[in-house]
Amino acid sequence: MVREVQDQRFLRSFAQALPDFLRRQRWFGGKAKPITGCEVVDVIPLRNGPDALYFFLVRVDFAGVNPQTYALPLQWFANASQAEAASIAGFTLEVESDGAGGGETITFGDAARQRDFPGVLLDVIGRGDKFQGMSGELVGVPTGAFQNLRGPEPHLDASILSVEQSNTSIVYGKRVILKVFRLVEPGVNSEIEICSFLTERTSFANFAAVAGTLAYRQAEAPRMSLAVLQAFVPNQGDAWKFTLGALGAYFDRVAGQAASGAMPRPELSQDATPAVAERIGSYLESADLLGRRTAELHAALASDVTDSDFAPEPFTPEYQRSLYASMLGLVQHNLGLLRDRSQDLTGQDRELARLVLGRENELRAGLSKILDRRMTSLRIRVHGDYHLGQVLYTGSDFVIIDFEGEPARPLHERRLKLSPLKDVAGMLRSFHYAAHSGVLECAGGGEKEATQNRDFDAWARYWQTHVSGAFLRSYLKSAAGAAFMPNDPEELRLLLDVSILEKAIYELGYELNNRPSWVGIPLEGILETLGHQTQVTGA
Numbered sequence: 007m008v009r010e011v012q013d014q015r016f017l018r019s020f021a022q023a024l025p026d027f028l029r030r031q032r033w034f035g036g037k038a039k040p041i042t043g044c045e046v047v048d049v050i051p052l053r054n055g056p057d058a059l060y061f062f063l064v065r066v067d068f069a070g071v072n073p074q075t076y077a078l079p080l081q082w083f084a085n086a087s088q089a090e091a092a093s094i095a096g097f098t099l100e101v102e103s104d105g106a107g108g109g110e111t112i113t114f115g116d117a118a119r120q121r122d123f124p125g126v127l128l129d130v131i132g133r134g135d136k137f138q139g140m141s142g143e144l145v146g147v148p149t150g151a152f153q154n155l156r157g158p159e160p161h162l163d164a165s166i167l168s169v170e171q172s173n174t175s176i177v178y179g180k181r182v183i184l185k186v187f188r189l190v191e192p193g194v195n196s197e198i199e200i201c202s203f204l205t206e207r208t209s210f211a212n213f214a215a216v217a218g219t220l221a222y223r224q225a226e227a228p229r230m231s232l233a234v235l236q237a238f239v240p241n242q243g244d245a246w247k248f249t250l251g252a253l254g255a256y257f258d259r260v261a262g263q264a265a266s267g268a269m270p271r272p273e274l275s276q277d278a279t280p281a282v283a284e285r286i287g288s289y290l291e292s293a294d295l296l297g298r299r300t301a302e303l304h305a306a307l308a309s310d311v312t313d314s315d316f317a318p319e320p321f322t323p324e325y326q327r328s329l330y331a332s333m334l335g336l337v338q339h340n341l342g343l344l345r346d347r348s349q350d351l352t353g354q355d356r357e358l359a360r361l362v363l364g365r366e367n368e369l370r371a372g373l374s375k376i377l378d379r380r381m382t383s384l385r386i387r388v389h390g391d392y393h394l395g396q397v398l399y400t401g402s403d404f405v406i407i408d409f410e411g412e413p414a415r416p417l418h419e420r421r422l423k424l425s426p427l428k429d430v431a432g433m434l435r436s437f438h439y440a441a442h443s444g445v446l447e448c449a450g451g452g453e454k455e456a457t458q459n460r461d462f463d464a465w466a467r468y469w470q471t472h473v474s475g476a477f478l479r480s481y482l483k484s485a486a487g488a489a490f491m492p493n494d495p496e497e498l499r500l501l502l503d504v505s506i507l508e509k510a511i512y513e514l515g516y517e518l519n520n521r522p523s524w525v526g527i528p529l530e531g532i533l534e535t536l537g538h539q540t541q542v543t544g545a
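Its first residue numbered 7, the sequence shown is counted upward by one per residue in the numbering used here.
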């Protein structure tokens, strides 16, 4: 059966069936790009027999852009009837064999959703097994924490998480969780690299420790990460869900209250007044805690000056020019997209688009300030895609997850050392998103008076401002004195404002492509950042 699957005639048939199949998968990141061809890079058998298990690595070629490689864990169902194929858990892929398998139709099911595949992978990692493919091998690699995290139980029930995005996650007995990467590329995945560093070299505890990894390697080629096994963190959902619940209670408290006169922008050096604390409630304490955990994460990531992959590095003129060029490219692309699609926007969103496009030169000038001064702070490894959805809420604390970085960026860019204020900016932008999604929910259920809508918007800004202030004050206090933090308030303000502006421009492109009804949120963020400087005096 291994010989049949690795036969070149079969592999050609398999590759021909892939494009239609891939476009139907939620984790496939190339749906908007024309596929010009597919090729099987390797097939690694994990188990032979009538219920054979394989890891397929397939390369997908696109018109005008770089190819992508995807990992497909599949189970063989030979000669499955139509009814049997329909009953297979997860997706199915049917391939017509042209002789290698006797002309039969071979059905493959998503192995991750089959009964015993999760246990096979757990054992592969725990034992450090190796499996040979056509040109490379799959390798399980346990860490020193494997036995402690997995626990002594001889068997762990496995369940696949229902929310599947760019990866597939399997939970084992609420002890460990395996994240199977779908889009893979040469080099160590940032999630594995960062979490392994935090597990083995730091005392930081608010993340999911690494129990082991699954990798693919070829001679004289960089290792490719296929999966990571981590501690399972009992939780009450992510911080986005927790925040929306707190916002709902907040909007209930302020409903019907006129917002005029209640909206002064606080200085970050000032703690929330009793009136603010009463309105917003205990979420101010949560934002304070999240700021502290964020600073502790950055301190841990900057703690080893002997490891070249993690040792802090200075800003250099060359780096600052490269950073500016990257941001300028983002502006050109996403504002061009906005210009092309602004006629499709309606009402306030169209007006916001007009205002942003009219201030393009000012926007570019704002970003160019990154070139104007010598930076004294250091660059470090960061989370890279930090927002409320990347944090779990345990009921009393926060645990930071998903260190892969922005998925649209190539791996080498996600490994760059940056100002940690990029992560801070990401969380500040996430508070903006949360506040305004709350407005959409509260004001979107029917016709509202214009005054009431304005009050909802004003109360949302009030919440965002004070929650952002609590988070940022806590972060700056906890990170004070660290080499990655600017000593000069002007440098701090510049790096933070540029980071917030870049994040909002990134969000603009995402919303135009995926969620046009939300495009007003990053447009408002761009205008807000251009309209004022973040107050950091005395922080």
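Keep in mind that the hints were calculated from the coordinates and are not lab data. Glycine included, C-beta positions come from ideal geometry on N, C-alpha and C. One or more of the hints may lead you astray.
[Claimed, not checked] Result set (DMTMM-like, lysine to aspartate or glutamate): computed pairs, CA atoms no more than 25 Å apart in a straight line: (1) Lys483 with Asp310; (2) Lys247 with Asp463; (3) Lys483 with Asp277; (4) Lys37 with Glu191; (5) Lys483 with Glu302; (6) Lys136 with Asp163.
[To be verified] Ranges between beta-carbon positions, derived for each pair: (7) Ser209 with Pro280: 46 to 56 Å; (8) Arg380 with Pro522: 17 to 27 Å; (9) Ala261 with Gly335: 36 to 46 Å; (10) Pro280 with Asp163: 41 to 51 Å; (11) Gly254 with Ala331: 38 to 48 Å; (12) Gln224 with Asp346: 39 to 49 Å; (13) Asp277 with Gly243: 25 to 35 Å; (14) Pro280 with Gly70: 54 to 64 Å; (15) Glu368 with Ser288: 53 to 63 Å; (16) Gly134 with Gln224: 12 to 22 Å; (17) Gly254 with Gln224: 44 to 54 Å; (18) Gly364 with Ala261: 30 to 40 Å; (19) Val311 with Arg380: 18 to 28 Å; (20) Asp163 with Thr322: 49 to 59 Å.
Results for each hint:
no., hint, in the structure
1, Lys483 with Asp310, "holds, 22 Å"
2, Lys247 with Asp463, "holds, 20 Å"
3, Lys483 with Asp277, "holds, 12 Å"
4, Lys37 with Glu191, "holds, 18 Å"
5, Lys483 with Glu302, "holds, 11 Å"
6, Lys136 with Asp163, "holds, 24 Å"
7, Ser209 with Pro280: 46 to 56 Å, "violated, 36 Å"
8, Arg380 with Pro522: 17 to 27 Å, "violated, 41 Å"
9, Ala261 with Gly335: 36 to 46 Å, "holds, 44 Å"
10, Pro280 with Asp163: 41 to 51 Å, "holds, 49 Å"
11, Gly254 with Ala331: 38 to 48 Å, "holds, 43 Å"
12, Gln224 with Asp346: 39 to 49 Å, "holds, 42 Å"
13, Asp277 with Gly243: 25 to 35 Å, "holds, 29 Å"
14, Pro280 with Gly70: 54 to 64 Å, "holds, 59 Å"
15, Glu368 with Ser288: 53 to 63 Å, "violated, 39 Å"
16, Gly134 with Gln224: 12 to 22 Å, "holds, 18 Å"
17, Gly254 with Gln224: 44 to 54 Å, "holds, 52 Å"
18, Gly364 with Ala261: 30 to 40 Å, "holds, 35 Å"
19, Val311 with Arg380: 18 to 28 Å, "holds, 21 Å"
20, Asp163 with Thr322: 49 to 59 Å, "holds, 52 Å"
Of the hints listed earlier, those the structure fails to meet are numbers 7, 8 and 15, in rising order.
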